[in-house]
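In case you want the letters, here they are:
There are 2 protein chains.
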Amino acid sequence: MKIAILGGDGFCGWPASLHLSDLGHEVVIVDNLSRRAIDEELGAESLTPICSIDERLAAWKEVSGKEIGFENIDVAQDYDGLLNFINTYKPDAIVHFAEQRAAPYSMKNSRNKRYTVDNNTNATHNLLVAIVESGLDIHVVHLGTMGVYGYGTAGMKIPEGYLDIKVEVDEDENGNTIDPTLVDQQILYPTNPGSVYHMTKVLDQTLFAYYAKNDELRITDLHQGIIWGTHTDQTARDERLINRFDYDGDYGTVLNRFLMQSAVGYPLTVHGTGGQTRAFIHIRDMAKCIQIAIENPPARGERVKIFNQMTETHRVRDLANLIADISGAQVEMVPNPRKESAENELHVVNDTFLDLGLNPTKLAEGLLHEVEDVARKYADRADMSKIPARSLWTQNQAEGVPPSVAESAGGAGNPDSAAKA
Amino acid sequence: MKIAILGGDGFCGWPASLHLSDLGHEVVIVDNLSRRAIDEELGAESLTPICSIDERLAAWKEVSGKEIGFENIDVAQDYDGLLNFINTYKPDAIVHFAEQRAAPYSMKNSRNKRYTVDNNTNATHNLLVAIVESGLDIHVVHLGTMGVYGYGTAGMKIPEGYLDIKVEVDEDENGNTIDPTLVDQQILYPTNPGSVYHMTKVLDQTLFAYYAKNDELRITDLHQGIIWGTHTDQTARDERLINRFDYDGDYGTVLNRFLMQSAVGYPLTVHGTGGQTRAFIHIRDMAKCIQIAIENPPARGERVKIFNQMTETHRVRDLANLIADISGAQVEMVPNPRKESAENELHVVNDTFLDLGLNPTKLAEGLLHEVEDVARKYADRADMSKIPARSLWTQNQAEGVPPSVAESAGGAGNPDSAAKA
Ligand SMILES: NC(=O)c1ccc[n+]([C@@H]2O[C@H](COP(=O)([O-])OP(=O)(O)OC[C@H]3O[C@@H](n4cnc5c(N)ncnc54)[C@H](O)[C@@H]3O)[C@@H](O)[C@H]2O)c1
Ligand SMILES: NC(=O)c1ccc[n+]([C@@H]2O[C@H](COP(=O)([O-])OP(=O)(O)OC[C@H]3O[C@@H](n4cnc5c(N)ncnc54)[C@H](O)[C@@H]3O)[C@@H](O)[C@H]2O)c1
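Residue numbers (full-length UniProt numbering), protein chains in the order written: chain R, 1 to 421; chain U, 1 to 421.
These are calculated hints, taken from the structure and not from any lab test. A quick note: this is a predicted structure, and the numbers were derived from the prediction, not measured. Accuracy of the hints is not assured; some may be wrong.
Any copy, or any two copies together, can satisfy a pair, since identical chains are not distinguished.
What the hints assert, rightly or not - Straight-line alpha carbon distances no greater than 16 Å define the calculated EDC-like cross-link-like pairs of lysine to aspartate or glutamate that follow: (1) 339 - 216; (2) 339 - 215; (3) 157 - 172; (4) 108 - 41; (5) 108 - 133; (6) 157 - 171; (7) 166 - 318; (8) 157 - 168; (9) 166 - 184; (10) 66 - 26; (11) 157 - 170; (12) 157 - 179; (13) 157 - 173; (14) 108 - 215; (15) 386 - 39.
Bound-form chain R, shown alone (with noise of 0.2 Å):
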């Protein structure tokens, strides 16, 4: 198959592209490298020493002897580019992962906001019209969170992606009235976005809605719990195809904050309670889920289809005393700089992947590989100064909390900073 895959360069996207390369597909990668920008912007780099982009294809070609093509397109600004490529391509399933991705980062200030906005949906329409206006039948396979959810029902587990409700009646067809009854409707998911970024990613929702009714597009949206780990079978090969592992206060997810943080012996550092269940999948493991939902597209003129996209879930302070039992880190609470529950349940329906094949890697086992292979080997790499979280959900938080707690939220690091994902 041929297939293309947007933000091919990122965290989730270039293991991703190996997988599927290995696999045999015709794979090429169209990035924009922003977010090698970004680290520019944030003085923040990888953990692990990430290779350029035309340094990593050329060490795949020698390790595998298969060649990734890379293209260099804005999918969000140069739409005529994206559209040549498509037209020239004409790839089967376009993957896409070109969107900023960090809570943290989306909340930062005004320019920041606008940005992910601003990129987020315009990547995912241009897609959306760019397949339109090609004519080519290509499967689009989206990458979603599970932070839309977020509306939720003591009791009730979230399903993929469409909830059965009832609604009540009281007039028959001819307008007549009649006794209350309850009539079955299924609907996409209710959202509750807790960030900018998961808001865009329910504008995409939103999008991928509308194509796939008016023009049949096959789309798939994966909802998508918080990646952990960082090597694939593939970037293990060769250290010039290693991923990236950020541990900075904006697109350091909480597993990967508190593994590195107890590599270097600073504490982990848990908001509020940690009362806060998230969702958890492996790199490997959603590398894995792209394969398989690649294999099982929609129909044309199917609705959306949505995967749960994880494979367990935990509290954050129950990770935080993982670590800390494995590693021997101290943890420390401090208050929470998300606008957001201090407890909640999450119960998460994901039967596709289980049932398409996908056997999952569980924390408890693939820990202590992390702790010993990426974070303490690398730890030295590790600049302090960017563990801080610094960013805060509303200006009333700046200002209700006294400064030296503000400080101490920041300074002390936010662990569950892009967590929500």
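Assemble the complex: chain R is given as a structure, and chain U with the ligands must be docked to it using the hints.
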């Protein structure tokens, strides 16, 4: 009160600005005049002769003694200009009309789809971000559309924005299995937009819900029906104050197009069976509703207030027959270029505005007036070549319909053009 009207040079914004100024409010119009540029792009003109914005404002001052300010700012592109305006003018309320609002225009080609999403999403998002950054407590009143509903249940009236549902739960708080129980919830009404334009109003809704929650902005979203009529008490005072009357295939709304077609002896073309039911409101009532919405803001921290801003519903074929009866015009049935159900019922709750004192102008009384004072009066300005609606909703439709029929659908004009407003 100090009120800023974004999009105040448009069909709704202009009469709303005059109405609020007439009531004694301090009004400033913010508009980039993009709508006048689109008129030129389409080679279309308002049936009524509209003056430049400067002439309009000078005439209003002459006639009323009141001054309305004007700022030429592109709300979607010039964030700094918008923020600076808000910080300087410090409005109590901002009415947001500044969006591309024609469904057929939004469907015409890739460029228009992209422009509509980019312009409308960034206009709304910039406004919300700028208000947060300003730190001012400004009430936002936005013009949404009845067209965001669409998902319907026979026998259920469309509520004002929020839907009562029941969902089944089968666990208690501790995760123990219990007998399936129905739990009541209230959610934002599930959407099903019928065009790219309507989809942007769903995107807007998502932005509003988020900023009302996270930043406690005070927001009212008016789900407006299709406007009909031209004059208000203020625009009728001087011909230089006259409002625009669009009749072209892109911007002309169904009723105004029928009126004008009847005045020039063109057949009233009805799509399919004409069984689509639409919601309507007179332009005078629109202005009054804006006033009522401004006078009844939500509290800080309250969810978005949503009002249905419509006063009656009609099937398209009934409207055509009504106007044919008054004017003696012919009614002609042609294939529908839109992708939508042939027949639909529409029952809408609109109690809020009625309870708050709206006293609607009904079609049955106002129509004759429009035929005589507007359509016939300016009939000699009509450009017959602009009447046909040429946008098709999908490429399939272009291919599926035999050319002769497609031509006649376009050629005979699409009275339903911007109908599902
Ligand atoms: N990492 C997680 O835990 C996680 C969890 C849930 C969902 N996701 C989603 O998966 C996707 C990938 O996440 P990631 O962690 O790999 O992020 P990342 O930032 O590492 O990668 C995103 C890539 O997209 C590129 N990109 C961004 N905007 C672009 C544009 N306009 N044109 C071209 N390229 C552009 C960037 O340069 C980068 O290489 C995102 O959509 C994210 O929301 C990630
Ligand atoms: N006319 C209807 O029947 C109807 C029905 C339902 C809802 N609405 C909504 O009411 C609002 C106004 O509709 P209208 O009929 O007056 O449309 P219009 O096109 O006549 O007016 C819109 C005005 O906004 C301005 N504008 C657009 N983008 C702008 C930007 N980026 N920056 C600054 N100004 C910008 C235009 O120049 C124009 O003057 C729209 O949001 C529309 O969706 C209209």
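Now the hints, each set against the structure:
1. 339 - 216: between (38 Å within a copy, 12 Å between copies)
2. 339 - 215: Between copies, since 10 Å is at most 16 Å while 38 Å is not.
3. 157 - 172: between (33 Å within a copy, 11 Å between copies)
4. 108 - 41: The answer is within: 13 Å in one copy meets 16 Å, while 39 Å across copies does not.
5. 108 - 133: between (36 Å within a copy, 12 Å between copies)
6. 157 - 171: between (32 Å within a copy, 9 Å between copies)
7. 166 - 318: Neither. Shortest intra-copy (37 Å) and inter-copy (33 Å) distances fail the 16 Å Cα cut-off.
8. 157 - 168: Answer is between; shortest inter-copy Cα gap is 10 Å, intra-copy 23 Å.
9. 166 - 184: both (5 Å within a copy, 10 Å between copies)
10. 66 - 26: within (9 Å within a copy, 68 Å between copies)
11. 157 - 170: between (30 Å within a copy, 9 Å between copies)
12. 157 - 179: between (31 Å within a copy, 15 Å between copies)
13. 157 - 173: Cα proximity of residue 157 and residue 173: across copies only (12 Å, versus 34 Å in one copy).
14. 108 - 215: Only across copies: residue 108 and residue 215 sit 14 Å apart there, 37 Å inside one copy, limit 16 Å.
15. 386 - 39: Within. Shortest intra-copy distance 11 Å satisfies the 16 Å Cα cut-off; inter-copy 52 Å does not.
In this structure, only the earlier hint numbered 7 is contradicted, and the remaining ones agree with it.
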